[in-house]
Amino acid sequence: MERRGYRTIIAYLDDFLIIGATYEECRLAFETLIELLTCLGFEINWRKVVYPTQRITFLGIDIDAVERTLSLPSGKLSETRTVLSDMSGRKRISKRELLSLLGKLNWAARVVRGGRTFMRRLIDLSKTLRRPHHYARLSGEARADLDWWTNFMAKFNGTAVFLDRNPVPPTIFNTDACDSGGAAFYSGDWFYVSWRHDDPDMCDRHINEKELYTIILAARRWGSLWSGKRLIVFADSDSSVCAINKGTSPSPPFMRCIRELFWISAENNFSLQARHVKGKENTLADALSRLNDPVHAELARSRVEQWKLENADISVDCHQPHLSHHARSALPTQATSWIPTLQ
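Numbering follows the UniProt record's numbering, in which position 2 of the sequence shown is assigned residue number 2; successive positions increment by one, without gaps.
Each statement offered as a hint is correct.
Here are the simulated SDA-like cross-link-like pairs (lysine to any residue), alpha carbons at most 25 Å apart as the crow flies:
(1) K308 with D293
(2) K91 with T150
(3) K127 with D147
Estimated spans, in silico, between C-beta atoms of each pair:
(4) V49 with H206: 53 to 59 Å
(5) D64 with D15: 16 to 22 Å
(6) L17 with D124: 27 to 33 Å
(7) Q54 with R220: 35 to 41 Å
Hints are computed from structural coordinates only; laboratory data are not their basis.
The beta-carbon is built from N, C-alpha and C at its ideal position, and this holds for glycine as well.
Throw the hints in and build the complete structure from the sequences for me.
Next up, the structure:
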């Protein structure tokens, strides 16, 4: 089909989904696909054939092109919640039960952003059992995955909106952290956190943890504004980039952050990918994260003002303060002179 000019066709075993911008485009692709399958000797099950429509169920997922949503059918959603609830108090589980649960979660993960991240420990556990009737004790990591799904599905309404085709430009969103603090910038709004004044426990943490934690703070602040968006976060920490993109980490502190990040992502229906960037190239967030330094405070002021001049039509109305009272009190006048007074 691709050789015939049709690139928006999804094939899963013997099921095909055609996606087109118009009814006519879908009809032509449909007729071409039927002709091709017939020529190749495939038998068409006409009872399952669905002609061009704006609402369809494919692989158990309800797709609505008008509302731009993906939905889990209510019956299966309720069944999955019941199974998770029954599993929540279990200490041991059989391979048969585990594989059945994984099948339901794999289905739900087609709609739940980042959901597959919280199947990996359960999949690993299933591989330790040889036969369907063999039992295994739920490990701490497997239990954490199970709890994530149980808690999320209890509040999930079963529907997610389509994500935007293009990601948010890097000039709109970036984060950075250093030994003294962390900062993030999004669409004209920003925040600064001082480890010593706002979160003393972070003071002695590795810089990689500070980088990832700053991204978590950004998701907490703007997650509700990111619904349906694709975001790329640029970080100068290889460990943070790897953990976000893989959705897992051997480091317990990292994994705690990853769990929260993917919870916020699933709750607000956005996707987040990470790319590496050297600190010196991450100018705006890099300067904001060092507001305690007079030179960087002045650089941050000029960068923020320059961004607002170049992007006058873009702004986010955020009622949260840019920084805490304690953090502000420790900043040089080069920073406090241009930062709005805290309410």
